[in-house]
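I would like the entire structure built from these sequences, with the hints used as guidance.
In order, the protein sequences belong to chains X and D. Residue 426, in UniProt numbering, is where the first sequence stops; the numbers in between run on with no holes. Residue 426, in UniProt numbering, is where the second sequence stops; the numbers in between run on with no holes.
Hints listed in this document are in silico derivations from the structure and should not be mistaken for laboratory results. Certain hints may be false.
Any copy will do: because identical chains look the same in the list, a pair fits if it lies in one copy or spans two.
Straight line, CA to CA, 27 Å or less: simulated DSS-like cross-link-like pairs of lysine-lysine [to be verified]:
id	residue 1	residue 2
1	Lys197	Lys342
2	Lys342	Lys126
3	Lys126	Lys97
4	Lys307	Lys86
5	Lys126	Lys407
6	Lys328	Lys197
7	Lys97	Lys407
8	Lys318	Lys342
9	Lys197	Lys97
Predicted model, so just to flag it, every value in this text is computed and none were measured.
Protein chains: 2
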Amino acid sequence: MAAIAAARDGSFRALNEASLVEYVRATPVIRELLGGGSEIGELSIMEVGDGNLNFVYIVVGPFGSVVIKQALPYIRCVGESWPMTKDRAYFEMLALKEQGRYCPGHVPEVYHFDRIMSLIAMRYLKPPHIILRKGLIAGIEYPLLAEHMSDFMAKTLFFTSLLYHSTTEHRRAVAEFCGNVELCRLTEQVVFSDPYKMAPHNRWTSPYLDEDAQAIREDDILKLEVAGLKSMFCERAQALIHGDLHTGSIMVTSDSTQVIDPEFAFYGPMGFDIGAFLGNLILGFFAQDGHANEDSNREQYKNWILKTVEDTWNLFHKKFISHWNEHKDGSGEAYPSPIYSKAELLQQVQSIYLEDLFHDSLGFGAAKMIRRIVGIAHVEDLESITDTSRRAHCERRALEFAKTLLKERRQFRTIEEVTAAALASV
Amino acid sequence: MAAIAAARDGSFRALNEASLVEYVRATPVIRELLGGGSEIGELSIMEVGDGNLNFVYIVVGPFGSVVIKQALPYIRCVGESWPMTKDRAYFEMLALKEQGRYCPGHVPEVYHFDRIMSLIAMRYLKPPHIILRKGLIAGIEYPLLAEHMSDFMAKTLFFTSLLYHSTTEHRRAVAEFCGNVELCRLTEQVVFSDPYKMAPHNRWTSPYLDEDAQAIREDDILKLEVAGLKSMFCERAQALIHGDLHTGSIMVTSDSTQVIDPEFAFYGPMGFDIGAFLGNLILGFFAQDGHANEDSNREQYKNWILKTVEDTWNLFHKKFISHWNEHKDGSGEAYPSPIYSKAELLQQVQSIYLEDLFHDSLGFGAAKMIRRIVGIAHVEDLESITDTSRRAHCERRALEFAKTLLKERRQFRTIEEVTAAALASV
Ligand SMILES: Nc1ncnc2c1ncn2[C@@H]1O[C@H](COP(=O)(O)OP(=O)(O)O)[C@@H](O)[C@H]1O
Ligand SMILES: Nc1ncnc2c1ncn2[C@@H]1O[C@H](COP(=O)(O)OP(=O)(O)O)[C@@H](O)[C@H]1O
Ligand SMILES: [Mg+2]
Ligand SMILES: [Mg+2]
Ligand SMILES: [Mg+2]
Ligand SMILES: [Mg+2]
Ligand SMILES: [Mg+2]
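Encoded structure:
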């Protein structure tokens, strides 16, 4: 009996609504959150994972609520035929804690982590929180989005880079997140490889985009540029990045912005996060014409999206520099203050750093846009346009813009030049 | 008694000639190498560490010989006041094995490693092997040096990069070598920081170079460029690099070239190794005028050095590309063959890769030259010029050349342009 219990406690089980109740009752931290004492009472449990990688349950008890996320050893939306380490939950937890440390206002707290069960209990982001992508499809403006996301990115990226870390801290953290290699490999495949070759999971709005998809596979300049970005993704440990910072990893209300789902986190290039966010906003922008109807032509909303793209970068730039200035005499070892203290020199260093980061972000953003149109995973912004020819029209415009951005990103000097180009391409 | 023996066996002891005899007798692998059976006979032991970081003993027995290197928990040439993890011996052993795997002809075999004692037993590179730097000072030509060193660098760098590694292998290895952070930090300090500020250990040929050293500390363009190189050193895990590949880490005869002392090894930018080797050859070149005398004006020897610089890069380029072509359909994941198979595209990718590597190598090489003239650790090539004003003259020329190389490296398109510039600066 004892041996059986031990084996059960010590090994992984995929939970469902029923077994989750048991798990919750047997886990003091969670029981406490939900209903105090030992008599926890009725629990309401609802699975809300939107079918991507993992299972997500909202658990509501008499006095509180919690979200429980469990990783299974495969990719949920593909099934057991595509195995994927469930240890991703460990890295998601580490990243949530690290990001939460620097930016508690925009990251749900972690209440509990069970490594054996690959299970995270975290704060339930209650309604009216919705996934940002859904808000963009519905045409809802979020006046604080740029402010909040620039804050999240400036803090999480600055404080995990060598502008703040000693190289000792940095290499320790880099080594730890090297363990999340399987998730990195998934990105390498679906973002940097599959769209540029014939790959079994690729799809696009056929037959409309057949030639466009083929053109991508035959575009040597594009492939050269993508190779450079992939190398940067694989080799450059610039900061702890979220790794999947699209508009489906952000929950919002009119005054709250919360970043969830950092299971792809590792030490990589900052531009990958900034690009993911901006690239997905721009995808949302190109999808708007597919959502226009007699009630709304979405013109104003398109402007709001582009304005948010501009504000996000410009505010990020400002905040990042201000963290840098505040900590320039700190423990960060990239630019030791005895060498870079002269105001003019520091400014030059910063302006080169941010210019490079801008171009990296545009490159990664463009790559993320492309893969959402001709790769395995598409975005609801476009998928929800039911008229196929209309959708293909939006997709082609987004694709053309992304190709230009990827190839000519170094020509863009300001984010306003980027949004102007997007507006001209629509 | 048993407890005392266990404590002794289980803990670190700094050896000397006498206790090394005991150690050797108690270690079957080594005893075997030296003299077979249990009766090992007379041993001759000589400490030959040339006063840098560690202790190195040549041990000769009746039937064989071995070199034993032990790391103490501080930097030998500074003393106990500068602590340094003795675990560097572990990373040196790992690197010797990895490099030996890909390039056995130019790396001494490791016979035995004792982690607790931070002790490596390796093949004794017998006379007439001498340290290459000494050969350069003596004016000895090594006709196979470029052939051998290009072989060593092309193999060790290619086969530990993503051109050959899967990203799974790569991240595992990167994580392991993140543990060698203390040695990386030493490089960060002495190569990328100290020369550009007032630092207690800096020195130069004073008063001759006082203004030159000051000019380095006040050169904003130089500091901008050095910052970029330092970031690359700290962030970019391109390949397993030796980390200290100067002419003092190479032992040579007229037909053998052996690379020793990779205790600084980690996953870093390839250009750091190539630059270290070429930069130190060029330092040797600039020192020649200080060694010229009535017997020899060293003009021919200077040409040989520059020719070796050229041949090394050109042969490296050729061999690196040939490894790449041979393994282009292999497990390396940087440029998957279904995407980059077209001959013309592959050539373009390779030419961009090698061009970037060329410029990285020039940058790192120049930084290594500078630090050897105004930083803590100087090179015997210049130090052995006893006439101070003559030495300062050589050093100033080397310094000026290195500054130009560092700042304008992207203007150089071929190695012959670099050697021509060196010749024009002497
Ligand atoms: N903390 C939370 N509060 C409320 N809802 C959440 C929370 N975390 C996740 N969700 C819901 O579950 C969905 C899937 O969560 P996510 O972490 O993105 O999982 P996956 O890794 O499978 O994409 C989200 O789109 C959101 O609707
Ligand atoms: N395998 C070897 N065979 C012969 N001599 C060696 C060997 N390894 C080291 N030496 C001698 O010992 C000296 C110091 O060795 P090295 O590995 O460079 O130590 P350190 O890390 O202290 O610089 C070398 O310059 C060389 O003269
Ligand atoms: Mg994504
Ligand atoms: Mg998600
Ligand atoms: Mg996810
Ligand atoms: Mg040495
Ligand atoms: Mg050494």
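Right, here's what the structure says about each hint:
| no. | hint | in the structure |
| --- | --- | --- |
| 1 | Lys197 - Lys342 | between (49 Å within a copy, 12 Å between copies) |
| 2 | Lys342 - Lys126 | neither (48 Å within a copy, 52 Å between copies) |
| 3 | Lys126 - Lys97 | within (20 Å within a copy, 55 Å between copies) |
| 4 | Lys307 - Lys86 | neither (39 Å within a copy, 55 Å between copies) |
| 5 | Lys126 - Lys407 | neither (41 Å within a copy, 55 Å between copies) |
| 6 | Lys328 - Lys197 | between (45 Å within a copy, 16 Å between copies) |
| 7 | Lys97 - Lys407 | neither (36 Å within a copy, 42 Å between copies) |
| 8 | Lys318 - Lys342 | within (20 Å within a copy, 44 Å between copies) |
| 9 | Lys197 - Lys97 | neither (37 Å within a copy, 37 Å between copies) |
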